[in-house]
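Protein chains in written order, with the working numbering: chain E, 275 to 398; chain W, 275 to 398; chain V, 275 to 398; chain F, 275 to 398.
Just so you know, the hints here were simulated from the structure itself, not pulled from any lab data.
Among these hints, one or two may not hold up.
Chain copies aren't distinguished; within one or between two, either way the pair holds.
[Stated by the list, open to error] Straight-line distance between alpha carbons at most 30 Å, and here's what the computed DSS-like set of lysine-lysine pairs gives: (1) K277 / K379; (2) K372 / K391; (3) K277 / K391; (4) K379 / K391; (5) K372 / K277.
Fair warning: this is a prediction, and the values are worked out from it, not measured in the lab.
Single-letter residue listing:
Number of protein chains: 4
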Amino acid sequence: MNKTLIAVDGATQALRQFAQERDWQQFHSPKNLVMALSGEVGELTEIFQWMSEADSHGAASAPATARAVSDELADVALYLIHLADVLGVDLNAAIVSKLASNAAKYPVAASRGVSTKYDQLPQS
Amino acid sequence: MNKTLIAVDGATQALRQFAQERDWQQFHSPKNLVMALSGEVGELTEIFQWMSEADSHGAASAPATARAVSDELADVALYLIHLADVLGVDLNAAIVSKLASNAAKYPVAASRGVSTKYDQLPQS
Amino acid sequence: MNKTLIAVDGATQALRQFAQERDWQQFHSPKNLVMALSGEVGELTEIFQWMSEADSHGAASAPATARAVSDELADVALYLIHLADVLGVDLNAAIVSKLASNAAKYPVAASRGVSTKYDQLPQS
Amino acid sequence: MNKTLIAVDGATQALRQFAQERDWQQFHSPKNLVMALSGEVGELTEIFQWMSEADSHGAASAPATARAVSDELADVALYLIHLADVLGVDLNAAIVSKLASNAAKYPVAASRGVSTKYDQLPQS
């Protein structure tokens with residue numbers, strides 16, 4: 275039995291209805307939605323590009339950026355959820371599986387305190 | 275009272291624990307996590323770059339790409355959820371708000387069947 | 275008469291020949307090449323995602339990253355040049371025009387020492 | 275002796291002067307410039323996201339998109355050139371080297387007419 279790490283049914287239904295009402299399914303091929311997702315991540319990136327790491331911690335509360343940060347995170351989430359729906363991917367199952375695989379690739383002892391990629395970690 | 279369009283508590287807790295066990299919070303500034311999210315979207319993009327729109331509909335069931343598609347969608351979701359957590363953004367509230375704003379920007383009558391950006395739609 | 279800010283004839287010819295020899299023009303629609311460009315920028319981003327700004331200055335000389343940085347910059351340049359060629363865009367003319375427009379959007383006096391986006395700069 | 279596939283001296287000098295006049299070097303760490311490059315590729319992607327592959331061939335001549343396409347290609351080129359300069363990477367040498375390595379990874383016979391990634395090509 276799978277744990278519930280993420281639940282997206284409400285958003286999935288809302289996005290289907292949004293697209294159907296506007297007859298937009300014709301544009302929503304997975305290829306196009308990947309590009310749209312990528313474009314939104316680009317907009318999110320632009321908010322942070324000249325910001326220091328230290329300042330970035332306050333980006334969602336700073337008056338100049340709070341709304342933009344929230345909106346771009348939402349846009350990324352919405353395209354991701356719609357893309358998974360159109361592809362027929364169960365996001366929760368995908369996350370459960372990937373977290374297990376990440377835990378195997380990054381054993382606590384070898385990866386503690388280092389940002390080294392898994393294929394360059396010392397082997398146990 | 276907000277609707278629940280997305281629920282990410284389980285994943286949020288799992289990601290916090292994953293980072294804490296490995297002492298990775300030091301790397302997880304919002305700025306860095308935006309870059310990591312962007313890198314994962316890049317990997318997702320690479321799967322689809324030479325695929326036709328028609329073929330892209332089958333990408334999550336085709337043996338050559340199914341696992342990669344599922345894994346990259348999961349990676350994008352995981353970094354997005356962790357980023358929202360570190361920033362202190364409530365993803366569900368952000369989505370509810372953005373969907374309402376999208377509905378206002380894209381009235382059904384004006385946007386039906388066209389992919390025109392909202393600021394170039396005919397005004398009612 | 276235009277200044278020469280960038281010259282890409284050699285690379286343009288080499289890329290045409292590379293694609294022709296492999297019968298790859300069929301994959302090289304502008305849409306697909308934009309995705310390929312985006313994927314390479316994703317790989318470049320992954321090199322820098324956990325690096326501090328200070329450390330990033332040495333990324334092209336550090337043994338662990340020098341070759342990868344050089345290769346990813348080359349990949350981005352190659353897809354950009356091939357994309358401009360397939361689209362029929364003169365990169366030098368595009369750059370000359372964009373630099374002039376940037377200079378107008380960012381007057382020295384108003385933009386000195388600040389990273390503010392042009393549409394939020396104080397008007398003179 | 276290296277071939278000249280790309281020459282960027284003019285743009286490199288123009289970009290140095292542009293940054294110096296505005297005291298912007300403080301923002302132009304390689305890490306930040308990678309994000310800025312990524313943001314511009316995101317804007318380029320948004321132009322093409324709902325366009326068919328067939329239509330994308332005309333994007334640089336269609337009145338609705340020609341200027342935007344040219345401007346975004348220029349922005350990508352400018353950040354790429356400035357990034358290479360700040361990193362101390364010789365873009366021409368990087369391209370010459372990468373093209374040679376691509377030719378080795380994609381032998382004409384094995385890769386003709388297929389978009390298969392090099393590590394999945396049949397071995398000769």
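Cross-check of the supplied hints:
no. : hint        : result
1   : K277 / K379 : within (21 Å within a copy, 37 Å between copies)
2   : K372 / K391 : both (16 Å within a copy, 23 Å between copies)
3   : K277 / K391 : within (27 Å within a copy, 35 Å between copies)
4   : K379 / K391 : both (9 Å within a copy, 24 Å between copies)
5   : K372 / K277 : both (13 Å within a copy, 28 Å between copies)
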